[in-house]
Amino acid sequence: MRHSNLYTCIILLLFISSCKKSFLDAKPDDALVVPSTLQDCQALLDDDKVMNGFGAGGYPCMPEIESDDYYVTSDQYDMYSPTDKQAAIWAPNIPTDNEFPDWDFPYRVIFTANNVLETVERITGGHPSPASNCIKGSAYYYRAFAYHQLAQIFAPAYDSSRAATDLGLPLRKTADINEKLTRSTVQQTYNQILGDLRTAELLLPKDSNCLPTRPSLIAVYGLLSRVFLSARDYPLALRYADSCLRLRSALMDFDTISTTTLFPFNRWNPEVIFSAAYFPSGPAATYRSHVDSTLFRSYRPGDLRKQLFFKFGDYFFGRFDQDGFCFAGITTSEMYLTRSECFARAGDTANAMADLNHLLQTRWAASTFIPYVAANVDDALQQILLERRKELLFRGIRWSDLRRLNKDGTAAPKLTRIIDGVKHELPANDPRWVLLIPDYVLSFNPGMLQNGR
Amino acid sequence: MTTDEIIFFKPGLGNQKKIAMQKKISSKCFRIILCLLWLCCMIGITHTYAQTFTIKKKNPLPLMFEVFTEINGQTGYFFEGCDESALLNQRVKENLNKMPLMRFLNEILPQYGMSYSFSQTNPKIILLRVLKSSPLVDTASLRNIGRVEGLVLRWKGGPGKIEFLEGITIQIKGTGRMTKTDSNGWFYFNNVPANAILRLTGVNVEPVETGVTDTQVLIIHMKDYFTDLKEKVIVSNGYSSILRDSTTGSSDVISRSLLERSTSPNVLDRTDNLSAGIMVNHGSQTSDGSSLPGSRIIRGPSSFYVDGTPLIILDNFPYDGNLNNINPNDIETFTIHKDAAASAVWGSRAGNGVIVITTKKGKTRYPQWIFNSTLSIRRRPDLFNIHTISSSEYIDMEKDLYNQDYYAQNFGSKIDYAPVTPVVWLLHAARQGLIPQEVADARIEVMRKYDVRNDIQKYLYRTGFEKQYSIQVSGQTSRLNYFASAGLDQNAGNLVGLTYRRFTNRAQGTFTINNRLQVSARMSYTVTLNQNGNNPGYAYQSYHGGKNLYPYAQLNDGQGRPLPIFADYNPDFLRQTASMGFLNGTYSPIQDIIEEKNKVKTQDYVLNLGLNYNILSHVQLEVKYQLERQSITGNDFHSDSSYFVRDLVNTFTQVNPATGELSYPVPRGAISDLQRQILTSHQGRVQLSYHKNWNNDHDLSFLAGGEMRSVIMTTGSSRLYGIDNAGVPANIDYNTLFSSYMAGESINIPKISQNNKKADQFISGLLSGTYNYSNRYTFSASIRDDAANLFGAATNKKWVPLWSAGLGWHLSREDFFTADWLTLLTLRGSIGTTGNISRLASAYTTVSTRQNGITGTPYPTAYIQSPPNADLRWEVVKMHNIAVDFATKNNILSGTIEYYVKACSGLMAQTLSDPTLGGVLNPGSPAYYYGNSASMKGKGIDITLMSQNLSKELKLKWTTNYLFSYSSSRITKLSTIVGAGSTHLGSNLPNPVLNRPLYTMYAFKWLGLDPGTGDPIGFYKGARSTDWASIYNGTELDSMVYMGPALPTVFGAVRNTFSLGRVSLSFNISYKLGYYFRKPALSYDNLLNKWNCLSSYKQRWQKPGDEKYTNVPSFNYSAIGARDLFYANSTEMVDRADNIRLEDVNLSYDKDNFHWGKFHCRHLKVFTYLSDLGPIWTANKSHLDPYYVGVPKDRPRISLGLNVTL
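Same order as they appear, the protein sequences are chains P and R.
All the letters of the first sequence, read from the start, carry residue numbers 1 to 453 under the working numbering.
All the letters of the second sequence, read from the start, carry residue numbers 1 to 1206 under the working numbering.
Mixed in with the good hints there might be a few duds.
As the list claims (entries may be wrong) - In silico BS3-like links for lysine-lysine, alpha-carbon gap of 25 angstroms or less:
| id | chain 1 | residue 1 | chain 2 | residue 2 |
| --- | --- | --- | --- | --- |
| 1 | R | K758 | P | K27 |
| 2 | R | K757 | R | K601 |
| 3 | R | K797 | P | K27 |
| 4 | R | K467 | P | K180 |
| 5 | P | K173 | R | K797 |
| 6 | R | K467 | R | K973 |
| 7 | P | K180 | R | K798 |
Said to hold, decoys possible - Every beta carbon over 10 angstroms from chain P, so not counted as near; a handful from chain R, in silico:
| id | residue |
| --- | --- |
| 8 | V130 |
| 9 | W186 |
| 10 | K360 |
| 11 | V446 |
| 12 | L488 |
| 13 | I749 |
| 14 | K757 |
| 15 | T857 |
| 16 | R970 |
| 17 | S1025 |
| 18 | R1062 |
| 19 | V1191 |
Said to hold, decoys possible - One-sided and incomplete, this derived list gives chain R residues near chain P with beta-carbon spacing under 10 angstroms:
| id | residue |
| --- | --- |
| 20 | I763 |
| 21 | I783 |
| 22 | D785 |
| 23 | A788 |
| 24 | A805 |
| 25 | T849 |
| 26 | G853 |
| 27 | G856 |
| 28 | P858 |
| 29 | P860 |
| 30 | T861 |
| 31 | L917 |
| 32 | G918 |
| 33 | P923 |
| 34 | S925 |
| 35 | Y929 |
To be clear, the hints were calculated from the coordinates, so they are not data collected in a lab.
Computed from a prediction, not measured in an experiment: that's the story for all the values here.
Think of the CB as a built atom: it goes at the ideal place given N, C-alpha and C, for glycine as much as any other residue.
All chains should be modelled from the sequences, with the hints used to inform the complete structure.
So this is what it looks like as structure tokens:
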């Protein structure tokens, strides 16, 4: 009798332990929409408002506010928010008032991507399908894009000799709300970005007919190229720009673009490899700043960009968008310029100038274009860097370029801005080239280290 | 009709069939089992009344009184008249197998020194007489030298009144040696000195001292010590039952006699004001008409947003159904567990305290029948406690405004005339020349005499009746313990058309298979039918615009014909639409009552099966399972002539502009709003318990259990339009936007169709134990771990148990304790944690979906609403409790004083999170989520005292029970952004603010009335201000005045009971102190737009100088809204809510053992009970009863009751 009791107990225990998992995973309330299918995951990634930055938050605008593409009058400056006012004069500490979209929204992208990765893992349970791979690859891509955007403002420019000790970004490992965060090193941050992209490279299909809001293999190459360029790894930047251009090389012929349209470029024009946006505040918004006069003057007659990019004088209208967002994604033109620069840095003047001319002939009126020639490698590099600035202005790239160029002395020794007659300066390699982590982030994470001043 | 409309839960007929099948099968099974149980009860009943009896041979031989008891159980005869212990304690040597009763009486009884005769009044009573020369039987052979054994019992000569007392402490005086009686009432000592004196003490019995010199087996009779606590107090926590004496926790047991003192059909209502520490909120409506949540709060709030009601355990399992399904007459014990030591065994759901209800069992050896009947009457409520503007004043005001052309807007050329009151209409008609001025004036003068409250009271209310009947039978044989009951409640409420009917049925049987195995089954079935028509009573508000009844409204023309009220539409407009062919658009409150029928039917059954197996002598295995199914179906049926249907049809009626023909998108048939809720719960438990006593010094009981619980609740609602006579609903076009002639806008036909399913699934394990050393020291501990689908994955994996530990010291049993005046002194202390479960947050990521991307991408998108929270867990309530129990000599004063400190942590609240974690959704709104982030601390004192105010010798008894509670709490941690001050005005909502109690009374600073204009003056940005909108919307919380708590901080009751012979009278007075309420404020918005307002209109500021006498702002029809809101929420309108009230009076007559026709009546009780008697004292100067602010006051309820035990 006693034995039979024992057996009953054992059977009962076995029964309980076997059904425990599913029993405790039962959905507590049908009214809750819990992502549980691949379609749900895809829908989370397709939220362009968050994932591509087409919201009132979006990808960082600070790179544009801090860079040298514009100058500002007192009247315009007065209309900036307190944060933007301080950012425009490179104040050591930019006030944030408990929110800093440049920090908060890329981390929302990372949070969503982590959520998707965890959900896909739970759904597939280690049995991936092409569909689940594509979703995972996309999630890795978005995460890498967001981390790279953050790294350009909140971590020092990559320097191979210091990357192991320079403070990088806090890296989120999960989607859970309870995660404790600490800062990684710049090396770890770049490892994270590159790791994500290399995984995305394996997971994303070669061909896709989707809109550029969705990541593709081409976009992976494009972003890899951008990341390596920002890390001054020119051979690899060259390799991936080349891989990218082999798959997609389309350029718009500016002769065919209407000059009468206010915003001449479509959101999904043929050059767009990956569509991302930042919400322009302060000087980045139309009419709130003038394009830097030196830069504006550098567009020579016959350069169609002068008419297409600028309206009503020197106001910028070349932002790929009618809804007020600025383009921060990746285009074929950026890839041509990167490949060209990398050829030059490798001493291959001929290829460098070939790429540059291939791009510029689409920018100039066909009748007036005379191919550029370079006297030597240095001359080629100077020309390429100038054209890079002229082509990619207000795309959030200039700041990152300045930071890396500071490292090898190619860029101007310092930035200056005169507001209300007061001259503000930002010397090369000043600590202010790295923004401070917002105060409220530190208050949530006691012990998290701040950037130097 | 689409399938969507008829099927509530899952579309597809297959499922519907399945559900129906399951229902059919389960209800069939249920009926079979219920029949079987009734059958068992009947077997138990027929087993008795034989004329022979049998007592099996046993060792030691049965004692004489045991034989008497057995005869009583087996034959129904019972013995009276002998209380000589020596005679009753003789051992009967004869073979009593199939012994004829008469032979026993005639032949055996005399041998033991007794003779008998049958009672003249009741042939079932056998009167015993003592023979002068009684040959006492020599029992020396059974004697153990130096060993004393004894049996402790109560036997009062009546039937079934024998009880072996467990847990009585026996002390050999002067030695410190002690023991306790076992469950059969036995105890023993070895090596007892010959002249030893034993002192017996127990919780509810009077102490006894006895020598050991002349008897060998001591039979000790003990007497009750409280008049109203006749049963020994057993504390049950739903897993085990122990004597109160050996608990360390804080528990209140409400005895059956106290439960029977009042007459509410709801058991919780019956316990109000009977236990310290429980605050009852019933009736405490706030001025906006809502009542405070959590009708009963034990020891102050424990959570911000979790429903504050305690966990209810009914017969060992949490009860998920409606408490109204339980007939209070079926309840044996009602135990309230207040601290962690008492409730931590219930783990993560016990944070609000636990109430354990056990139903009755058989107790007598004969079938005991009990009949109960109660009739309660309550007169229509008193509407005149709502002080409203008089008809005359209102008419004067309307005339004034009419002359100022205020109403011009109502009579424009617009087709949709706004509704107007009859006075305004008459004034207008006279001015337009439609009726002569004198006629209009005369009719207006007549209206001055009307008061709508008279009509409401007369036609919408009535005298309410509540009838309760119940019948019970119970008993116990050697193999079967049974109880069965049936009850019927029929109530007709005070609102005309409101009826309530309840039928309850319960049967339970415990079968003893052999000395190791017991099987029990319990079954209950309840049907409740709630019905009401469309009768809002005083709370009437018109469908469009929410107008009240104007002061001179007439509901009836005096000849029995209902009169219409034109609160939604202007009568002229209705005449016009009627001429176009629209349905009659008038509303008559009296007529409409019967045009709608809202029926709610609740069916609940519980099946409970148990198995009890003694594995070893000390180890018991229990397996229990319970199935509960409650279905609530509601049908709000609006007949085709109800105002609801006519108005909805008219709203959507389409007019063909060319032909003037009408079409009806909402068909002109009845409308049914259906609701359904099905709750199915399965609960199972395996539990091992161990109990052992060594040398009478060490007593250990230990329990280990595992349980599973699954509660699935599905809800559905739907609306059927245009039901024709065959019950077939019409097809409705929900998609078209119809332009409405009546409403003047384009609207969709409302579609009501909702389904939802909720699931609570738990797996739990628990351990609990009590160790007692030498009856003086008790140590108890418990530990429980819960895993549930409501918690985060990490929480479910971690072993984070909720626990308790308690210590008890019976100081008065120590040798050194010599104070004679103090017979009982016990110190208790406990500490432990319990939990609360919030559904505010999900452990999983939840998302919202959108059709397309914001940039116009064709892909469906989703965004995350709340983050995943793997650590989501229960809220933790940690409580420390210290208590003293005491009783003075002869129990002149006895009671318990307790002090507790409570720390609630991990409370679910809006929590700011690090944006790095990804929670920011939009710029400008901080990242927050609902998480376990807030904390609250509470402390309090509970005192329960009882005094016997008159000498025991007097025939008149007077006892007083005192309850006193102090409870305070404040929020100690909060990680959220405090909203604007105006969001904290709702004193009935939890609105946490750091360092304040959960329910607070905030108000705007009041600086009096402007002497020039009579405008109320407030304070804004450091200066006097009359910018009321800015004050209301812009005042920060810091600049508001904190008046105090909105819940009582000191409360309790005093109950006096007088008894003289068979008559007893008791009354209970309750008090609630230390809190604030908002007085109803005059609102000019209501005056103008809702057609009624308070009588303080009379006191309004009218001319400079008035501000010295009044604080009622002047009438300014161009400044309403914010001005009213500021005034209503100013410090001026907050007052103390403290009140003392006479809760109830009970007068009863009891009679034992008498003949009533053919029946022998064992007990009869006739009583009258008065409740809701109103306040005796209120602190506020306006003499407002804070229980009834702006709502009609209930009249006292008068009950007459009869209780017969056969």
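Now the hints, each set against the structure:
no., hint, verdict
1, R:K758 x P:K27, "holds, 8 angstroms"
2, R:K757 x R:K601, "holds, 20 angstroms"
3, R:K797 x P:K27, "holds, 17 angstroms"
4, R:K467 x P:K180, "violated, 63 angstroms"
5, P:K173 x R:K797, "holds, 20 angstroms"
6, R:K467 x R:K973, "violated, 50 angstroms"
7, P:K180 x R:K798, "holds, 18 angstroms"
8, V130, "holds, 51 angstroms"
9, W186, "holds, 28 angstroms"
10, K360, "holds, 31 angstroms"
11, V446, "holds, 55 angstroms"
12, L488, "holds, 37 angstroms"
13, I749, "holds, 24 angstroms"
14, K757, "violated, 4 angstroms"
15, T857, "violated, 5 angstroms"
16, R970, "holds, 24 angstroms"
17, S1025, "holds, 28 angstroms"
18, R1062, "holds, 54 angstroms"
19, V1191, "holds, 33 angstroms"
20, I763, "holds, 6 angstroms"
21, I783, "violated, 19 angstroms"
22, D785, "violated, 13 angstroms"
23, A788, "holds, 7 angstroms"
24, A805, "violated, 28 angstroms"
25, T849, "holds, 6 angstroms"
26, G853, "holds, 4 angstroms"
27, G856, "holds, 8 angstroms"
28, P858, "holds, 8 angstroms"
29, P860, "holds, 5 angstroms"
30, T861, "holds, 4 angstroms"
31, L917, "holds, 6 angstroms"
32, G918, "holds, 2 angstroms"
33, P923, "holds, 5 angstroms"
34, S925, "holds, 9 angstroms"
35, Y929, "holds, 6 angstroms"
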